[in-house]
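J.: Using the sequences plus the hints, can you model the full thing?
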Amino acid sequence: MSRRFLRGFGAAALLLFLLASFTPAVDLLGSLVIPDRPAERAEAIVVLGAGGIAPGGGLTDSSLRATMEGVNLFHEGWAPLLVLSGGGGPLLRTEAETRAKFARQSGVPPAALVIAGPVRTTREEALEVRALLEPRGVRKILLVVDGPGAVRAMAVFERVGFEAVPAPWSESVTIDAAPEERLTLLRSLAMEAIARLYYRVMGYV
Amino acid sequence: MSSLLLLLLPVATSGAVILIARRAGPGHRGLGDAVRLVLELAGISTLFLVANLALGVAIVLATRLLSSVFVSIYVLNDLSLVALSCLQGAVFFCWRRPPATGNVGGD
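These protein sequence lines are chains P and S, in that order.
For the first sequence, the residue numbers in the numbering used here are 1 to 205.
For the second sequence, the residue numbers in the numbering used here are 1 to 107.
Some clues are possibly wrong.
Ranges between beta-carbon positions, derived for each pair [to be verified]:
| hint | chain 1 | residue 1 | chain 2 | residue 2 | range |
| --- | --- | --- | --- | --- | --- |
| 1 | S | Ala34 | P | Arg37 | 28 to 36 Å |
| 2 | S | Asn52 | P | Ala111 | 43 to 51 Å |
| 3 | P | Pro35 | S | Asn77 | 29 to 37 Å |
| 4 | S | Gly15 | P | Leu14 | 17 to 25 Å |
| 5 | P | Met1 | S | Arg22 | 29 to 37 Å |
| 6 | S | Pro10 | P | Gly58 | 20 to 28 Å |
| 7 | P | Ala190 | S | Ala90 | 17 to 25 Å |
| 8 | S | Ile18 | P | Pro38 | 14 to 22 Å |
Hints in this document: simulated from the structure, not taken from any laboratory.
Just so you know, even glycine gets a beta-carbon here, dropped at the ideal spot from N, CA and C.
T.: Printed below as a string of structure tokens:
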């Protein structure tokens, strides 16, 4: 491989790094990709798996934050049902069950809680939630999902028959984020692009 | 503002070192040469990162398709892969450079 090519490739990589870290380019990209819509009333709030269970058995930060958002939306009256999803952890209790415990302690009545079985991917979540909500006649759902994953999640849930509306993302994209936050957002957007490509190839969206 | 400060720090320390080195007299490689070498190193490291990610995605998908084991693609979303790729790049950069003339062993 020629030195000239390597230098050009390296210059492009360093330029991308500088643009991503020290300009609002990634923030602007995020604001274009991540849906920013006000919440809408729905028949159920669905909190998707987000980070799973921490090694100690509790929820991870991202999972706890998503659960709190779901609980808040429920208490604000956006939907009469709260569906909690999330796969297995290192211990016996799944993310969904751990979230349900938190939701009950936060005042959500057990009758309003729906706990999804162990799932591993967004598509499995969509199929599981459909199996749980279809008998109840639920069609319109409010999805609580991290910002970069919202578009794919909405497409997957709509593919299995729901009308999906994204809940507002609490970590709103700002143009004055710190360089490290921008790089984290860039990584999330890149991973999401790979996931979206995979879902498209597999015919899930 | 904080971003600008972070950007100014390496510029300031680099400027100071360049001034000190110039006062110390000749005997250094030209700055342009150094920048070209760093770009080459960055290019090799980035190529390794791309290759590592592509291989990682292939392994994750193959594992899912060919066995009942589930591996999340998000395991690849880890900064350590970037660090390892940079390390790989540095090693291969040194490896493909012509050996220095003179004594390498240091004795």
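J.: Range hint 17 to 25 Å: satisfied by the CB atoms of S:Gly15 and P:Leu14?
T.: 19 Å, holds
J.: Within 43 to 51 Å: is that where the Cβ-Cβ distance between S:Asn52 and P:Ala111 falls?
T.: 49 Å, holds
J.: Is the gap between the beta carbons of P:Ala190 and S:Ala90 within 17 to 25 Å?
T.: 23 Å, holds
J.: Given a hinted range of 29 to 37 Å, is it respected by the beta-carbon distance of P:Pro35 and S:Asn77?
T.: 21 Å, violated
J.: Hint says 28 to 36 Å; check whether the CB-CB distance for S:Ala34 and P:Arg37 agrees.
T.: 50 Å, violated
J.: Given a hinted range of 14 to 22 Å, is it respected by the beta-carbon distance of S:Ile18 and P:Pro38?
T.: 53 Å, violated
J.: Just to be sure I understand the hint, the distance between the Cβ atoms of P:Met1 and S:Arg22 should be within 29 to 37 Å; is that true here?
T.: 34 Å, holds
J.: Do S:Pro10 and P:Gly58 keep their Cβ atoms within the hinted range of 20 to 28 Å?
T.: Violated, since S:Pro10 and P:Gly58 (Cβ atoms, about 39 Å apart) do not stay within the stated range.
Hints 1, 3, 6 and 8, counting from the list given before, are not met by this structure.
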